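Asks: Sequence:
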Amino acid sequence: MVKVQLRERVDAPASEVWRLFVTDRAEELVVSLFAKGLAMDETADGLVRTTFLPDGGVVRERLDFIDNENFTCRYTVIERGPLPYKSYRGGIRLEPLGDDACYVNLHSEFEPLGMGDEEAAAFYRKFNLDGVNKIRELLGD
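My numbering puts the first residue of the sequence shown at 56, with every later residue one more than the last.
Don't take every hint at face value.
[Said to hold, decoys possible] Have a look at the derived ranges for each label pair, beta carbon to beta carbon:
hint, residue 1, residue 2, range
1, Asn123, Gly169, 35 to 43 Å
2, Asp172, Pro137, 17 to 25 Å
3, Leu152, Asp185, 33 to 41 Å
4, Val86, Asn160, 34 to 42 Å
5, Lys181, Thr131, 19 to 27 Å
6, Gly92, Asp172, 18 to 26 Å
7, Glu166, Arg62, 17 to 25 Å
8, Glu124, Val86, 22 to 30 Å
9, Ala99, Leu194, 14 to 22 Å
10, Gly195, Val86, 13 to 21 Å
11, Leu168, Ser70, 33 to 41 Å
12, Gly169, Asn125, 31 to 39 Å
13, Lys58, Arg117, 16 to 24 Å
14, Asn188, Lys91, 18 to 26 Å
No lab work stands behind these hints: they were computed from the structure. On a predicted model such as this, the values are computed, not experimentally measured, just so you know. Virtual Cβ for every residue (Gly too), placed ideally from N, Cα, C.
Produce the entire structure from the sequences given, and follow the hints as far as they go.
Replies: Written as structure tokens, this is what we have:
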């Protein structure tokens, strides 16, 4: 099992960063990074986020826990599509730093497919950092 953690400061309010991760601006972030669309659906298993990939693939994530007040969530990938992992679980936690900045804490654990643990960890660290950098760009940081 590979575990990846990232902690980055973003010079934007936690509430604005949170919107890009899990609320009304989530599609904007995902589409700007790697997807062609995003849908959120309430299912028997809970809230499921479906990401539509440019090649036609689909990734589905189930929201296991969310605390909007404390900017925290945990999720499980329930359909990985073409992505090179299995048993993926992740989480997001924002730490407000006053009114105008926050730390973004991302963590994930998964079993890589088709690559070694170190290569997989480096790949997902870069993927997460690219996401944080896109947040900075979208919020004018």
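Asks: Decide, hint by hint, whether the structure agrees.
Replies: A quick look at each hint next to the structure:
no. : hint                         : result
1   : Asn123 to Gly169: 35 to 43 Å : holds, 36 Å
2   : Asp172 to Pro137: 17 to 25 Å : holds, 20 Å
3   : Leu152 to Asp185: 33 to 41 Å : violated, 22 Å
4   : Val86 to Asn160: 34 to 42 Å  : violated, 23 Å
5   : Lys181 to Thr131: 19 to 27 Å : holds, 22 Å
6   : Gly92 to Asp172: 18 to 26 Å  : violated, 32 Å
7   : Glu166 to Arg62: 17 to 25 Å  : holds, 23 Å
8   : Glu124 to Val86: 22 to 30 Å  : holds, 27 Å
9   : Ala99 to Leu194: 14 to 22 Å  : violated, 35 Å
10  : Gly195 to Val86: 13 to 21 Å  : holds, 18 Å
11  : Leu168 to Ser70: 33 to 41 Å  : holds, 36 Å
12  : Gly169 to Asn125: 31 to 39 Å : holds, 36 Å
13  : Lys58 to Arg117: 16 to 24 Å  : holds, 20 Å
14  : Asn188 to Lys91: 18 to 26 Å  : holds, 21 Å
Consistency note: the structure conflicts with the earlier hints numbered 3, 4, 6, 9.
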